[in-house]
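With my numbering applied, the sequence shown covers 403 to 730.
No lab work stands behind these hints: they were computed from the structure. Since we're looking at a predicted model, the values are computed, not measured. There's no promise every hint is true.
Said to hold, decoys possible - Straight line, CA to CA, 27 Å or less: simulated DSS-like cross-link-like pairs of lysine-lysine:
(1) Lys611 with Lys471
(2) Lys664 with Lys435
(3) Lys664 with Lys643
(4) Lys634 with Lys454
(5) Lys574 with Lys487
(6) Lys695 with Lys718
(7) Lys695 with Lys664
(8) Lys581 with Lys487
(9) Lys454 with Lys581
(10) Lys454 with Lys487
(11) Lys718 with Lys471
(12) Lys664 with Lys454
(13) Lys623 with Lys611
(14) Lys634 with Lys611
(15) Lys623 with Lys634
(16) Lys487 with Lys712
(17) Lys454 with Lys435
(18) Lys634 with Lys471
(19) Lys574 with Lys623
(20) Lys471 with Lys454
(21) Lys664 with Lys712
(22) Lys718 with Lys664
(23) Lys435 with Lys634
(24) Lys695 with Lys454
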Amino acid sequence: MSVVRCKMAYTCSYFLILITVPFISGFPGHLKKLNNHPVIGILSQEFSVSMKNIYGDNFTSYIAASYVKHLEGAGARVVPIWINKTADYYEHIVLSLNGILFPGGATWLEGTGYGEAGRILYDLATSLNNNGDYFPLWGTCLGFELMTFLAADQDMRSNCSGMDVALPLSYKEGYLDSKLFGMAPDNILHLLASQNITSNFHMFCVTEKSFIEHGLDTQYKILAVSNDSDNKPFISVIEGKILPFYAVQFHPEKNSYEWNTKRHSIPHSAEATQVGQYFAEFFVNEARKSGHKFSSIEEESSSLIYNYNKYYTGLKGIAFEECYFFNE
């Protein structure tokens, strides 16, 4: 397979010429062929205060639909992962899925269903990969913070001004040696570095100093940083040095799927949607390397998010245009 990089104006789309299969870095030797039916789990989380004020106690957890669309648009199907379940449930679901996405949101990392489930899932994924069973993780915003918290076993975040602001990336030395950026098309790399194209919605950041002090540089590579509204630098992109774990402090899914008129910074240009799509396709292609599957078609079908209704939450002032609500 060869990659054709667009050398014209950076508004052009990136594209691939496929000789056999789409380029997927680090193809695991234990798989005879790619899994072209990837199923990715998205961890649900507790209702936010604003959701409870509007919807009351009718539901216990939710997933923003933009994360689901993000993965589906890159060729995956999605299964919601419930909070407040047993260890046996999480072990079974991990062995049925091909990857997990930890989404952003507005809950705590400790003492919550999101945080406790995240810890179990992170440990299971680590164990699987250490035993040669390829299983990727992705963290977005709060998911990024969760993964760094779990890796360090303590909260290393500091306050920052990263709410409702679009920012460029500043790449770190060696970023082209990473899986996430090593084969990225030139125009995608240029857009990320030259335009305010990453959508940030966070009150906390992880700094390079804190990252190194807590020893995370032994587990993860820092691929890029950004500066918040007060010009404070923070880590924006990390990748596992050995494990297929990836996390970004920004929201790739918002560029295409979130249109809240109260949020003024979300970029919706053609270039912004290309960038968001790149990250989605990268992670779904990572999930294609996993051979996990459900025990039966019936179990798989009953687990998919198609079984649940979406709600037009943006109409009621919620930060997300649409959400899936659960009572599990």
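Exercise. Of the numbered hints stated previously, which ones are contradicted by the structure, given in increasing order?
Worked result: Structure breaks hints 1, 2, 3, 4, 5, 6, 7, 8, 9, 17, 18, 23 and 24.
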